[in-house]
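**Q** Protein chains in written order, with the UniProt record's numbering: chain A, 1 to 547; chain B, 1 to 547.
Hints may be right or wrong, so weigh each one.
Repeated chains share a single entry, so a pair holds when one copy, or any two copies, can fit it.
[What the hints assert, rightly or not] Straight-line Cα separation of at most 25 Å, PhoX-like style, residue types lysine-lysine; simulated pairs:
| # | residue 1 | residue 2 |
| --- | --- | --- |
| 1 | Lys473 | Lys318 |
| 2 | Lys526 | Lys465 |
| 3 | Lys61 | Lys465 |
| 4 | Lys96 | Lys151 |
| 5 | Lys61 | Lys175 |
| 6 | Lys318 | Lys89 |
| 7 | Lys419 | Lys526 |
| 8 | Lys325 | Lys369 |
Derived by calculation from the structure, the hints in this document are not laboratory data.
There are 2 protein chains.
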Amino acid sequence: MLRRTLRKIGSESRNSCSRSRSLVAAPLRANRWMTNSEAPSNGSIGAGPRRAPLSIDTINKRVINSEYAVRGEIVQLAQKIARDLEEGKASYPFDKVVWCNIGNPQILGQKPITYFRQVLALCECPQLLSHPHIREVFPEDVIARAELLVKAIPGGLGAYSDSAGALIIRQLVAKSIAKRDGYPADAENIYMTDGASPAVHYMMDLLLREPNDSMMVPIPQYPLYSATLTLYGGRLVPYLLDEGAGWGLDVAHLRQQIATARASGLCVRAMVVINPGNPTGQCLSYQNMRDILGFCREEQLVLIADEVYQANIYVGNKEFFSFKKVACDMGLLEDVPLVSLHSISKGFVGECGRRGGYMEVTGFPSEIKDQILKLASINLCPNLSGQICCALMMNPPQVGEASYEQYRAEKSAILGSLKRRAELLVSALNRLDGVTCNAAEGALYAFPKVTLPETAVQAAKQLGKQPDWLYCKELLEATGIVVVPGSGFGQADGTFHFRTTFLPSEEDIGRVVQALGDFHSAFIQKYGGLQKKQPALATAANGDNEY
Amino acid sequence: MLRRTLRKIGSESRNSCSRSRSLVAAPLRANRWMTNSEAPSNGSIGAGPRRAPLSIDTINKRVINSEYAVRGEIVQLAQKIARDLEEGKASYPFDKVVWCNIGNPQILGQKPITYFRQVLALCECPQLLSHPHIREVFPEDVIARAELLVKAIPGGLGAYSDSAGALIIRQLVAKSIAKRDGYPADAENIYMTDGASPAVHYMMDLLLREPNDSMMVPIPQYPLYSATLTLYGGRLVPYLLDEGAGWGLDVAHLRQQIATARASGLCVRAMVVINPGNPTGQCLSYQNMRDILGFCREEQLVLIADEVYQANIYVGNKEFFSFKKVACDMGLLEDVPLVSLHSISKGFVGECGRRGGYMEVTGFPSEIKDQILKLASINLCPNLSGQICCALMMNPPQVGEASYEQYRAEKSAILGSLKRRAELLVSALNRLDGVTCNAAEGALYAFPKVTLPETAVQAAKQLGKQPDWLYCKELLEATGIVVVPGSGFGQADGTFHFRTTFLPSEEDIGRVVQALGDFHSAFIQKYGGLQKKQPALATAANGDNEY
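Go ahead and model the full structure; you've got the sequences and the hints to work with.
**A** Laid out in structure tokens, this is it:
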């Protein structure tokens, strides 16, 4: 019976393969694999071996080629050292590893916001709401908020919600966006996500059709963008941020980059902007943002606005504007497809491990939003705890509510501390010989430029590594401090950087800065000192120093 | 300065493009996009338009072609109806929608396990641990477990953990696996995941290199497999489960399918097995499992074992064996690359919205495990709440502990109720005219086969839809019951099915069954009744009825 069924499938297949697929197309047919009418006629595909036992040579090369330096080789070395220290297996000139490679505040002692954790605890265990002593343990507004959420989210934390997120959550997020920007926001444009990363994956999947599709990405960038571009088979079109101009953008440069990309045969689908920047921390000026929106409209690009650091701004003369707001100011909301990302991981909330965030999608045709919803539905839904925390972040206690004072105090303490540590670190870096560091206007990082002795550059080359990798490795081995080489983010040709967070606690950061300074002097001395006059660009014949 | 930098990048680029990429390769270079040495020389790629403004025609066709029926068109219609009912906008012959399309127990009234929620609430808000009245609210073992987890997980719920999951969590999971199987399990082989779905995505990404790569997938299957195969550009090689033999497997059929696939030019990378089955609910026999492992070894396939329903087994004569255990019994653990998936969403735990689970990876070369870790690191880490819940699920209260009795009672009540509802539903379905339904030995679903009048088949064809889609749509409109057409899962040519959960509460399920039966009779009558003798295969010229 089975064999007869399959023969029938085979014989009926031929005329159905060419039928086009609609949005809700005829379901998968057994036959499809039997004909290769969908395979390219290129002889090189289809002539491959019929067996490919699992080995490093038979896995997807895009996976192999993807790199994510924030948890790359230096970090893996650090993990080994940390294990050795814990198990007493080896001795190092330090007693603990200091994780400055990743924006993960709560692992370095930053406390969560009490109000959020209290509401979430009650959502976890709604039975507590009817406990006779509940009001001795939780403030009234916490109880009220939890009751509202438990009632409004069918099945609570334990049930799959709508794939874009529970309606109440999206409504709360939309309401907050509208309040922030002064323009309406529609819950139907909100897709909750497990952190901001899934949103980037969706956009890569949606927009990259073939190897010549590409996206414009700032250099330096957060390497999620380069990693996912590689993974999804697209190309990266860089646009360099100008270190000498506070990491500012130059629209003329954008135009040149896109022209060169197109002349090479690339189709540029989107532009990524990270604002405030990562690793650079700069806040774009309002004018720059207008320029970018105008550029995206002219060039018909999707704008992907990574705004996860919007709550981390430390300088009085800068203010966060969302790209959504500026697009509305310019009357361009319907003309520029815009994806705005936010997350609970950063700001002063720092709930990295919870994985929460959202993307707001505007200027997209509704049939494409349907496709985004479908992508989200394949993974069912984002986790409810992250959804709730995101809604709480966007709708915190208000003046007059029981938790307001504590919330305000906690927020203020964290942001004030971040600002102090940012300034301390950046000024300390600027005092080091051959090191310059732009101010961290926002985000959680410093991205100092380090002038390295030519001997060090050559030593790295001998190892087949980037010079800043060598610097970071030796820093780790001398001090236990873990930072990420600038080559992992991209940088102007011939320059070297590293990214460090300024998240070590205020108690620790003085010692971290001291250790870093001592190491730096020793490193420079080890490699023969800095020449009085450096060549404008340190070059290597094989292009090692690009960026 | 920028322009000079880029010119330099361009001129230095040519000789670096050909350098091979190692695991920690030289970082992304600005130049890479400038040359298209990596683009195929096929004229059709690279000659496309340089602009592609966002529209339904310019997005990735794989996204358009991906389908996930569990939240497909029928479900979207149901959502619209539910909104209409809530807003009083339209009237229907029923007052509520009954969601039988998805295994989402807590939305239909199943209670979470108290112990898990109590521990998680304390992990959410560790401040509670020092509250003077804590012991009036939480049992001693809950407090102890939370204290252990808070201490052992650096940064708690709010910090990114290791990308494979926090060490303590992986150790707890490994310990439990070893206890279940009687063979050791290594924490280094465990990768925590946000539900089981991300594990499937990783495997698709890892193993599908080009359009002729494929995986063997059971028909009927859980459509995550067909959706992700399409999304990642691979092919599905079906193997039919035999409905007449309790959805059993036939190894001869597997051999035939793989031979035909290879003869068509496909390279088969892996075999997916869902055990207990979804939508079919069957538990594979131990012998079948031995056959499958032997087959995978002979044919050098990765075995992907979706075991998320391992705690849902309702028949006394069947027992769950993990593929890991059987592989160990056969001495094949190092010879068959095996990925075993589990999740907190199913069983009696039902924590769908939390997104937790793991994959255990055995028989993989370590350099490939490194690549899996890298893929996980790009998304940073799975959510901590899901990680903790998974560890709790695998390490529940033990005899003698304060929470044991309540835990045992809750577990027993849920499983007993699931079993009763499974039996009630399946026997009711079997009483319907022209409907047969295999017993639900496990999982959460019934997958009845429905004989449809030829008139109905033709009516569906007129609409460009599958006949079982039509049945499901009319069921929804008549009763508010939401089920998923069998065509969404795949089925033998000429047969029609639908998948329904048996999750409506024991109070509701009687009425659901009644409404379903009334609808069925009306539907058959509406379309002219069943012929006394059905043709062996209902065919349509264009192959609509494949599967």
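**Q** Next step is simple, just say for each hint if it's right about the structure.
**A** Hint-by-hint comparison with the structure:
1. For the homomeric pair Lys473 and Lys318, neither the shortest alpha-carbon distance inside one copy (35 Å) nor that between copies (55 Å) is at most 25 Å.
2. Only within a single protomer do Lys526 and Lys465 lie at most 25 Å apart by alpha-carbon distance; the minimum there is 18 Å, versus 74 Å between protomers.
3. For the homomeric pair Lys61 and Lys465, the shortest alpha-carbon distance inside one copy (21 Å) is at most 25 Å, but the shortest distance between copies (39 Å) is not.
4. Taking CA atoms no more than 25 Å apart as the test, Lys96 paired with Lys151 passes between copies only; the shortest distance there is 18 Å, against 46 Å inside one copy.
5. Taking the closest pair of Cα atoms, Lys61 and Lys175 never come within 25 Å of each other, the shortest separation being 44 Å inside a single copy and 34 Å across copies.
6. Within a single copy, Lys318 and Lys89 get their C-alpha atoms no closer than 49 Å, and across copies no closer than 48 Å, so neither meets the 25 Å cut-off.
7. Taking CA atoms no more than 25 Å apart as the test, Lys419 paired with Lys526 passes in neither setting, with 34 Å inside one copy and 72 Å between copies.
8. Within a single copy, Lys325 and Lys369 get their C-alpha atoms as close as 21 Å, which meets the 25 Å cut-off; across copies the closest is 44 Å, which misses it.
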